[in-house]
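Student: Given chain R, work out where chain Z should sit, using these hints.
Chains R and Z supply the protein sequences, listed in that same order.
Residues in the first sequence are numbered from 1 upward in steps of one, following my numbering.
Residues in the second sequence are numbered from 1 upward in steps of one, following my numbering.
Please keep in mind that the hints were generated in silico from the structure rather than gathered at the bench.
A couple of the hints might just be wrong.
[Unchecked claim] Derived, one-sided and incomplete: chain Z residues facing chain R with beta-carbon distance under 10 Å:
#1 Phe14
#2 Phe91
#3 Asp98
#4 Arg101
#5 Ala158
#6 Pro228
#7 Asp230
[Claimed, not checked] Using 27 Å as the maximum straight-line C-alpha spacing, the simulated DSS-like pairs for lysine-lysine come out as follows:
#8 Lys139/Z to Lys310/R
#9 Lys146/R to Lys76/R
#10 Lys137/Z to Lys310/R
#11 Lys227/Z to Lys164/Z
#12 Lys310/R to Lys164/Z
What you are looking at is a predicted structure, and each value in this text was computed from that prediction instead of being measured.
Note that the Cβ used here is the ideal one computed from N, Cα and C, for glycine as well.
Chain by chain, the residues:
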Amino acid sequence: MNALKFSLISIGIGLLVLAFAHWLGLDYFYFAGYTILQFIVLATAWNILGGYCGYVNFGTAAFFALGAYSSVFMYKFYPLPIPVLILISAVVSGIVGFGMGYLTLRLRGSFFAIATLAMAVVLQTLVINWDYVGGSRGAYILRPEKMEIAGLTINYIEYLFVLMLILAVVALATARTIERSQLGFGFATIRDDEMAAEACGVPTLRLKLIATTLSGAFMGMAGAPFPYYIGYIQPQSAFGLEYAVNSIAMPMIGGTTSWIGPLVGSILLGSAQQYATVTISSAVNLLIVGLMLVAFVIIAPNGLIGLVQKRLRRGPP
Amino acid sequence: MTALLHVDNISKRFGGFVALDGIDLEVQPGERLGLIGPNGSGKSTLVNCICGTLQNESGSVRFDDQVMDGLAAHQRTHRGIARSFQLPRPFHSMNLADNLRIPLLYTVHARLGPLRSPGDLDTRCGELLEMVGLEKKAKQMPRDLTQVEMRKLELARAMAAEPKLLIADESMAGLSHSEIEDILTLLVRLNERGITIILIEHIMTAVMSFSQRLAVLVSGRKIADGKPEDVVRDEQVVRAYIGQ
Numbered sequence: 001m002n003a004l005k006f007s008l009i010s011i012g013i014g015l016l017v018l019a020f021a022h023w024l025g026l027d028y029f030y031f032a033g034y035t036i037l038q039f040i041v042l043a044t045a046w047n048i049l050g051g052y053c054g055y056v057n058f059g060t061a062a063f064f065a066l067g068a069y070s071s072v073f074m075y076k077f078y079p080l081p082i083p084v085l086i087l088i089s090a091v092v093s094g095i096v097g098f099g100m101g102y103l104t105l106r107l108r109g110s111f112f113a114i115a116t117l118a119m120a121v122v123l124q125t126l127v128i129n130w131d132y133v134g135g136s137r138g139a140y141i142l143r144p145e146k147m148e149i150a151g152l153t154i155n156y157i158e159y160l161f162v163l164m165l166i167l168a169v170v171a172l173a174t175a176r177t178i179e180r181s182q183l184g185f186g187f188a189t190i191r192d193d194e195m196a197a198e199a200c201g202v203p204t205l206r207l208k209l210i211a212t213t214l215s216g217a218f219m220g221m222a223g224a225p226f227p228y229y230i231g232y233i234q235p236q237s238a239f240g241l242e243y244a245v246n247s248i249a250m251p252m253i254g255g256t257t258s259w260i261g262p263l264v265g266s267i268l269l270g271s272a273q274q275y276a277t278v279t280i281s282s283a284v285n286l287l288i289v290g291l292m293l294v295a296f297v298i299i300a301p302n303g304l305i306g307l308v309q310k311r312l313r314r315g316p317p
Numbered sequence: 001m002t003a004l005l006h007v008d009n010i011s012k013r014f015g016g017f018v019a020l021d022g023i024d025l026e027v028q029p030g031e032r033l034g035l036i037g038p039n040g041s042g043k044s045t046l047v048n049c050i051c052g053t054l055q056n057e058s059g060s061v062r063f064d065d066q067v068m069d070g071l072a073a074h075q076r077t078h079r080g081i082a083r084s085f086q087l088p089r090p091f092h093s094m095n096l097a098d099n100l101r102i103p104l105l106y107t108v109h110a111r112l113g114p115l116r117s118p119g120d121l122d123t124r125c126g127e128l129l130e131m132v133g134l135e136k137k138a139k140q141m142p143r144d145l146t147q148v149e150m151r152k153l154e155l156a157r158a159m160a161a162e163p164k165l166l167i168a169d170e171s172m173a174g175l176s177h178s179e180i181e182d183i184l185t186l187l188v189r190l191n192e193r194g195i196t197i198i199l200i201e202h203i204m205t206a207v208m209s210f211s212q213r214l215a216v217l218v219s220g221r222k223i224a225d226g227k228p229e230d231v232v233r234d235e236q237v238v239r240a241y242i243g244q
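Just chain R, same shape as in the assembly (with noise of 0.2 Å):
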């Protein structure tokens, strides 16, 4: 299937959903849904370089919170769409994301971990300190009830769950058209063996930058439109420990080598605590975060998709 064939379908299912969603009618529906959506770029962007590339991220809230706060300074500075900001925040957070992949290339595996925890740690101070976008007062947007596309009034929420939709498309194109090209093979030797990569002539560097700079822009762009779906945004709800922790899990629970892991571990996850806040608790959430990790770490160390492909190859009993 090529990637044009694939974007199609994706749309195709996009707008079922969408159509599905409309038909439902239920304002409740597009804020849950929108929560899922996130997190299946927040997980596809966490896996170009985690899953791809081996190297295990753990500040995607910096990045999440660079996105959100480039629309916070803007809605300030001057309001543009939604749209425009998405583009906005990709810009900075793949600067950032670039940085990032600068600075660590001699970090590996934990110390590389512990870079990003604490680039997202000095980031948080930043904007814990800067009050033109709030400081730790954190900032309003407000956003009008009803938004009008191409003559058609729809409700607000309703608009940005269409943005968060074509942004997961995209995200999942994305990582699948990277995984079937030169540049995913590329990916997968840094994962295997750096040295052994460099020996066939792996530019190892330049991949490693291009990795950590389109994951950093997808979590920026997954940021991007939160300020306006939340309504009021603090540095505490910006930079939780949550992103970073969900975008770790659901790859590896769906399956890290692959853009279907993020995808399923996402709808799974993301549905579950969904369905936790509203009956239990929302404090729940991260037990079963922790929960369904242990969990798959002992049955399914490969996540869903892994454990799919070792029956398939297994055959039929």
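Tutor: For chain Z alone, kept in the frame of chain R given last:
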């Protein structure tokens, strides 16, 4: 005739330990050079400095009339230096054919431009696997291979980059007699195709039958360089290996 590889007075230290101390080495095009020395004498460090995995602190490496100093390992591979590793380092998540695809995609393409279609790539992977006798295992994963097959894969992957110089770093350690013969035949065949080979090895019968010239490293210094039969009789070499 100008040398293909020209190592000029290179030194490398790790902290206070001098691993290479002013090494000079020339390798002519099409030559088969054996490089021997006791454990810890700096053979692998020299290879790493030639291939760009490590950067030498002084001296310089010239290859094919180009200065290699400061170039990263992948750039040197692009210019025609290929190596196999002492301990095989296959890409574990890829099957054998895909392992060979990497140098084709990243080195041969970089050198010639993307001339090859996916079909050509498959054919070339098949040819390379056939060369080392692994064509039936193209779809298998490296973990399913035996030691000798792993060494062959390592050589095939180095060859996939279409190098001018191949450095085989202990590609026979731990193999049985017949397996060593296998690898030797393979190396000689490659050499007959015009590829210059540096063989680093401990197994003396193999080195002696393969090399046209022998260089000996001891404690980071080159103590002998010449015809194999002369070198093994050299007093210093005998002392380094057997002791006084």
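Student: If a hint holds in the structure, say so; if it does not, say that too.
Tutor: We went through each hint and held it up to the structure:
Interface hint status for phenylalanine 14/Z: violated, as the beta-carbon distance to the closest one in chain R is roughly 16 Å, over 10 Å. At its closest, the beta carbon of phenylalanine 91/Z sits 4 Å from a beta carbon of chain R; the interface hint therefore holds under the 10 Å criterion. Residue-level restraint check for aspartate 98/Z holds (minimum Cβ-Cβ distance to chain R is 7 Å; threshold 10 Å). Nearest Cβ of chain R to the Cβ of arginine 101/Z: about 7 Å, under the 10 Å cut. The hint holds.
Taking 10 Å as the C-beta cut-off, the interface hint given for alanine 158/Z holds, the closest approach to chain R being about 8 Å. Interface restraint check: proline 228/Z against chain R, minimum CB-CB distance 28 Å, threshold 10 Å, status violated. With its C-beta approaching chain R no nearer than about 33 Å, aspartate 230/Z sits outside the 10 Å limit, and its interface hint is violated. A hinted pair counts as satisfied when its Cα atoms are at most 27 Å apart, and lysine 139/Z with lysine 310/R qualifies at roughly 16 Å.
Only pairs whose Cα atoms come within 27 Å are accepted, and lysine 146/R paired with lysine 76/R is accepted, the gap being roughly 21 Å. For the proposed pair lysine 137/Z and lysine 310/R, the alpha carbon gap of about 19 Å is at most 27 Å, so the pair holds. Between lysine 227/Z and lysine 164/Z, the direct Cα distance comes to roughly 23 Å. Compliance with the 27 Å bound is thereby established for this hinted pair. In summary, the hint linking lysine 310/R to lysine 164/Z is not supported, as the alpha carbons are separated by about 41 Å, beyond the 27 Å threshold.
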